[in-house]
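Q: My request is simple: use the sequences and hints to build the entire structure.
So the sequence lines, in the order shown, correspond to chains A, B and C. The opening position of the first sequence corresponds to residue 0 in numbering that gives the first Met the number 0, with each subsequent residue numbered one higher. The opening position of the second sequence corresponds to residue 0 in numbering that gives the first Met the number 0, with each subsequent residue numbered one higher. The opening position of the third sequence corresponds to residue 0 in numbering that gives the first Met the number 0, with each subsequent residue numbered one higher.
Worth flagging that the hints you see were computed from the coordinates, not collected in a lab. Hints may contain errors.
[What the hints assert, rightly or not] In silico PhoX-like cross-links for lysine-lysine, where the CA-CA straight-line distance does not exceed 25 Å: (1) Lys45/A - Lys352/C; (2) Lys240/B - Lys426/C; (3) Lys433/C - Lys46/B; (4) Lys270/B - Lys357/C.
In this text, all values refer to a predicted model and were calculated from it rather than measured experimentally.
Here are the chains, one letter per residue:
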Amino acid sequence: MESGKPKKSYLTTTRRVFTNSLMGGIIGGVIGWFLYPIFRFLIPPKNINQDSNIVKLNATEIPVGKSKIVNYNEIPTIVIRTNQGLFALTAVCTHLGCIVNWDEVNQEIVCPCHAAKYDLNGNVLSGPAPKPLTLVKAKIIDDKILIGEA
Amino acid sequence: MATTASNKRKPNEPLGLKGLLHWFTPTGFREDVLKKRLNISENLLQKFKQNLQPKKKIRLSAYIGWTIVFVFLMECFTGMFLMMYYHPTVAEAFANVRYITNIIPYGWLIRGIHFWGSHIMITLVLLHLFHTFFKGAYKAPREMAWLSGVILLFLSLAFGLTGYLLPWNQISFWAVTVVTEVPMAFPYIGHYLKLIARGGENVSQVTLTRFFAMHVMALPALTTFFLVLHFLPIKKYLIPKDLITYAIAILFCFGCLISLATLSPAPIHDKADPFHTPDKVKAEWYFLACQEILALAEHLDFLGSWAPKLLGVIIQIVIIILLFLIPFIDRNSARNPKKRPIAITFLSLSYVAFILLTLMAKFR
Amino acid sequence: MKRYWKKTIIVIAIFLSALVLLQITGAEATKETSKKKRKRKKGKVTCIICHNQLGKEKAAWVKQWQESVHGKNDVTCPACHGGDPSSFNKPKIEGTGYIGKPSRLEVPEFCARCHSNTNWMRQYNKRTDQLSQYKTSKHGKGLFQKKDAQVAICIDCHGKHDISGISDPSSLAHHKSIAETCAGCHADEDYMLPYGLVTNQLAAYNNSYHGMIIKGKVDGKNPSLVPSCPDCHSPHGAKPPEVAEVHNVCGNCHMQTEKYFHQGEHKTALDEQNQPRCIDCHDYHEIRYPTSELFVGESIYHCGFCHLMNSKPYLKGIRIKEAIENAEREIVKVEKMVLSLQEAPGLDVMDLKETIQKARRNILEAIPKTHSLIEEDVTKHTDRALVLTGELQQKVDNMKKEFVTRKKGLFAALMVIGFLICFLLYKRWLLELKEEEM
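A: Dropping the structure here:
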């Protein structure tokens with residue numbers, strides 16, 4: 000393209016390239032700086048009152064031996080009532096995030112996706128799960144089941 | 000010039016990863032390779048380059064026009080982000096807007112830019128209109144640019160009106176109630192027009208949903224279409240020097256936007272309450288002139304009880320039709336403002352009238 | 000089978016006897032009502048025909064009656080005045096039970112013939128205890144024991160032929176008019192002279208908070224919920240409440256306040272020494288909106304009127320007052336700050352305003368608790384209000400800080416934009432130079 004024009008000295012060319020790329024860098028930085036609010040915007044803040052929520056259930060909703068998945072702080076939580084007492088655990092399998100089920104016959108928590116098995120305290124019994132399930136505080140007061148309170 | 004290694008090969012021979020490297024030179028792209036890939040003919044490129052040659056001095060009108068495009072893109076951009084947290088339901092809309100403004104990081108900024116962007120856009124559109132008229136740029140063979148431009152003006156106003164309702168606050172709710180009541184002035188069809196606008200007898204969830212659909216789907220699509228139509232008749236493309244000027248203009252515009260968004264954040268008001276009308280219902284400033292025409296038409300009641308409302312609306316429709324027909328009404332071929340005293344007087348008078356009406360409504 | 004025969008016979012016998020009994024009473028009832036209906040129908044026709052021709056006053060009775068609650072409900076002339084309107088010529092003859100104009104002494108019982116008849120009034124769902132109540136009132140005692148015809152009787156408040164229901168705004172006994180109606184006698188000095196009663200009640204009532212509300216002078220208060228004369232003195236059994244009754248009378252509406260009053264030392268004092276009643280601090284007919292000023296000073300209705308200045312109870316009152324006033328001051332202070340924030344457009348102060356309302360509610364709860372005179376009960380609420388205002392202060396400060404941070408960020412961004420513009424201007428200048436060279 001520039002073959003018809005008189006050739007510029009090496010020095011001028013590199014200096015122009017240098018200043019131009021410096022400017023490009025600065026402009027790029029500025030654009031990045033201006034885009035930072037967008038990135039922050041896309042990440043919503045955590046709910047501040049997250050730990051103060053207590054989910055209340057009627058005890059009749061979960062007979063002994065049965066289980067129920069409830070929404071506790073936007074996290075699916077499995078509540079299991081057995082002869083040993085009341086257990087509440089995060090229902091999200093630590094393997095790939097499926098929702099676990101309570102196997103009443105074998106008395107274990109089973110993930111339907113890849114057959115990971117946990118005991119009532121969330122410990123991994125078998126299967127591909129890398130980590131135990133998280134226990135959630137729960138207790139029965141009179142005829143109410145309170146999840147999220149010790 | 001176009002005899003490089005790639006031409007010696009068979010045209011579609013796969014090169015593997017090396018093919019990607021072929022696109023680049025140490026300092027940029029290989030023009031010939033890309034031309035082929037993008038199917039750009041030499042002819043078109045030549046034409047484009049011709050257009051890049053400096054011809055006349057570029058019009059201020061064009062700068063304003065390009066800046067409007069920038070603001071429009073900013074609106075699209077910020078609007079998309081706002082949409083991520085906004086649900087167009089009566090129960091949630093107001094809470095969402097509060098959530099965006101107060102809780103989401105920089106939500107106030109995004110919303111502020113979107114809010115002020117709409118005002119700046121309409122201001123610029125009105126300036127652009129003024130300037131185009133002043134310079135006589137609507138004259139043949141540019142009638143199409145004028146027509147699409149006027150349509151774009153009304154599209155901008157429609158953006159303003161539909162977007163106004165979305166925060167679902169008292170002011171917006173009642174302003175929209177008043178505006179959608181206006182078609183009732185027409186005998187027979189008025190009621191149907193109102194039903195179409197509101198989707199029911201009252202401003203409700205249905206109204207919110209359809210205004211939302213208009214605001215984010217129909218209007219952007221229409222605007223894009225008419226923008227293309229608006230640009231087709233324009234032959235002068237921007238040369239590098241003008242590009243720099245344009246960059247300065249949009250930087251300035253961007254500075255204005257963020258300043259306004261920070262120093263005068265977008266208001267939230269109170270949640271819409273269909274059972275309580277606030278004391279003074281006023282539309283956005285760009286609708287005040289229309290509102291004032293309707294108010295002034297009230298004085299025509301000596302003609303009968305039907306007159307004020309209907310005539311008020313008919314006056315506005317006549318103005319709109321006149322606006323569309325200007326390139327065909329004005330038969331003077333001169334473009335120099337000094338040689339078109341009647342047109343310029345008309346222009347000045349109508350702008351003065353617009354400003355006066357707006358001010359009258361403002362301080363009513 | 001035989002066993003069942005006996006039982007069946009007994010059952011049938013009981014059933015039949017019941018049927019017969021029903022038949023008798025039922026027949027009597029239908030006989031009575033049909034008689035009454037006949038009476039009404041004919042009464043309507045004949046009495047009116049003559050009375051309309053009997054000149055102004057007597058014709059007016061007909062008109063008044065037609066528009067009255069009786070006229071609208073088909074309670075016709077003979078229902079009150081007796082007589083037999085079916086005999087056109089001599090309706091007033093003896094034996095028809097005709098009563099012309101009852102004397103004032105007779106009126107209460109005259110009305111009570113129907114209005115105390117539970118069976119008759121049931122259909123209108125009206126009370127029937129007016130006469131018995133009236134007999135216990137000062138008015139009733141005057142009428143029946145002293146044969147004093149000057150006391151108020153039914154017609155003085157309810158009207159005669161033009162009787163209308165008390166829910167009718169034109170009625171003299173309507174909630175909003177009854178005070179004026181009572182005052183018709185009770186504000187008349189000459190009229191009250193024989194009884195030795197004061198005559199300032201209406202004036203005092205009109206000045207009171209209750210009176211202001213009933214006249215619609217207090218925004219946001221419902222006039223129909225405010226007591227008028229009969230709400231405290233009873234409508235028919237009108238008499239001033241006894242000492243021990245006052246707090247019950249006031250407590251009919253001010254339930255919370257009464258509850259707290261019962262918890263406190265003043266109730267003990269009231270039981271032992273007949274003081275203080277509600278009205279000893281709040282006045283009676285001229286009840287004003289109480290302010291914390293009542294805790295200070297020696298004038299009547301103030302704490303110092305009974306308690307020695309600087310005595311222990313007096314100082315306790317002062318402390319309670321200070322607690323409430325202090326909390327109120329804080330709320331007003333914070334509210335001002337919030338309002339000033341609001342003036343900067345776009346700042347969302349809705350939550351802050353809600354918190355202010357919450358703090359206000361605490362004060363509202365604290366005020367009735369002052370009647371228990373338990374300091375902790377009051378300070379519990381004022382302290383909560385103070386905590387809320389403290390939080391608010393913090394939030395307002397944070398908002399202001401946030402605004403300053405935003406402005407700083409804006410300044411930086413504008414600097415960068417300014418720099419870029421300058422750079423572009425420089426570039427443009429370079430290009431122009433090049434153009435000139437060419």
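Q: Tell me, which hint numbers fail for this structure?
A: Structure breaks no hint.
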